[in-house]
Amino acid sequence: MALVKAPLFSLDARGKIADTLVYAIWKGLNYCREYVIPFNPESTAQMTIRGYFTDAVAAYHAELPATKAAWDAAIKTLGWAMSGFNYYVAEYIKYLIAHTGTPPTPPFLPPA
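Heads up, the sequence shown stops at 929 in the numbering used here, and the numbers go up one at a time, no gaps.
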């Protein structure tokens, strides 16, 4: 059941209605979307990529603060709306895909 504050389509509504609509707030904006059940095939390829995500996050946490600062500085230079952590994980996964799962030697630095 949706939690409604004030009239519907007015101020605030959150939750699902009859497995058809979902009302929510994202970054301070109210929105409504269709209720969907996620598809999760758990294929070999999907499980491989999930493993790469796990490896990338673990590698980031093992990096020295200077390396993390380099990733923060690199993303600021690019002007993209993401954190140094997200940039690191994205590039690390690209590296793993290109090198059939073989991790880079630390420190893993941003591309020049």
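Possibly wrong hints are sitting among the right ones.
[Unchecked claim] Here are the simulated lysine to aspartate or glutamate pairs, DMTMM-like style, with alpha carbons at most 25 Å apart:
{"#": "1", "residue 1": "K885", "residue 2": "E859"}
{"#": "2", "residue 1": "K844", "residue 2": "E859"}
{"#": "3", "residue 1": "K893", "residue 2": "E908"}
{"#": "4", "residue 1": "K844", "residue 2": "D872"}
{"#": "5", "residue 1": "K844", "residue 2": "D829"}
{"#": "6", "residue 1": "K911", "residue 2": "E880"}
{"#": "7", "residue 1": "K885", "residue 2": "E851"}
{"#": "8", "residue 1": "K911", "residue 2": "E851"}
{"#": "9", "residue 1": "K911", "residue 2": "D872"}
{"#": "10", "residue 1": "K911", "residue 2": "D889"}
{"#": "11", "residue 1": "K893", "residue 2": "E880"}
Hint data in this document are derived by calculation from the structure and do not stem from the laboratory.
Results of checking the hints against the structure:
Our distance criterion of 25 Å between C-alpha atoms is broken by K885 and E859, whose separation comes to about 32 Å. At most 25 Å may separate the alpha-carbon atoms for a hinted pair to count; K844 and E859 exceed this at roughly 30 Å. Using a Cα cut-off of 25 Å, the hinted pair K893 and E908 holds, with the two alpha carbons roughly 15 Å apart. Among the hinted pairs, K844 with D872 is inconsistent with the structure: their alpha-carbon atoms are about 29 Å apart, more than 25 Å.
Note on K844 and D829: the hinted pairing holds, with a Cα-Cα distance of about 13 Å set against a maximum of 25 Å. The suggested pairing of K911 with E880 holds, with an alpha-carbon distance near 18 Å, which does not exceed 25 Å. For the hint pairing K885 with E851, the CA-to-CA distance comes to about 39 Å; that exceeds 25 Å, so the pair is violated. About 32 Å separates the Cα atoms of K911 and E851, which puts this hinted pair outside 25 Å; it is violated.
Between K911 and D872 the CA atoms are separated by roughly 12 Å; this keeps the pair inside 25 Å, and the hint holds. Straight-line distance between C-alpha atoms of K911 and D889 comes to about 18 Å, which keeps the hinted pair within the 25 Å bound. For the hint linking K893 to E880, the alpha-carbon distance of about 19 Å falls within 25 Å, and the restraint holds.
In terms of the numbered hints stated before, the structure departs from hints 1, 2, 4, 7 and 8, listed from lowest to highest.
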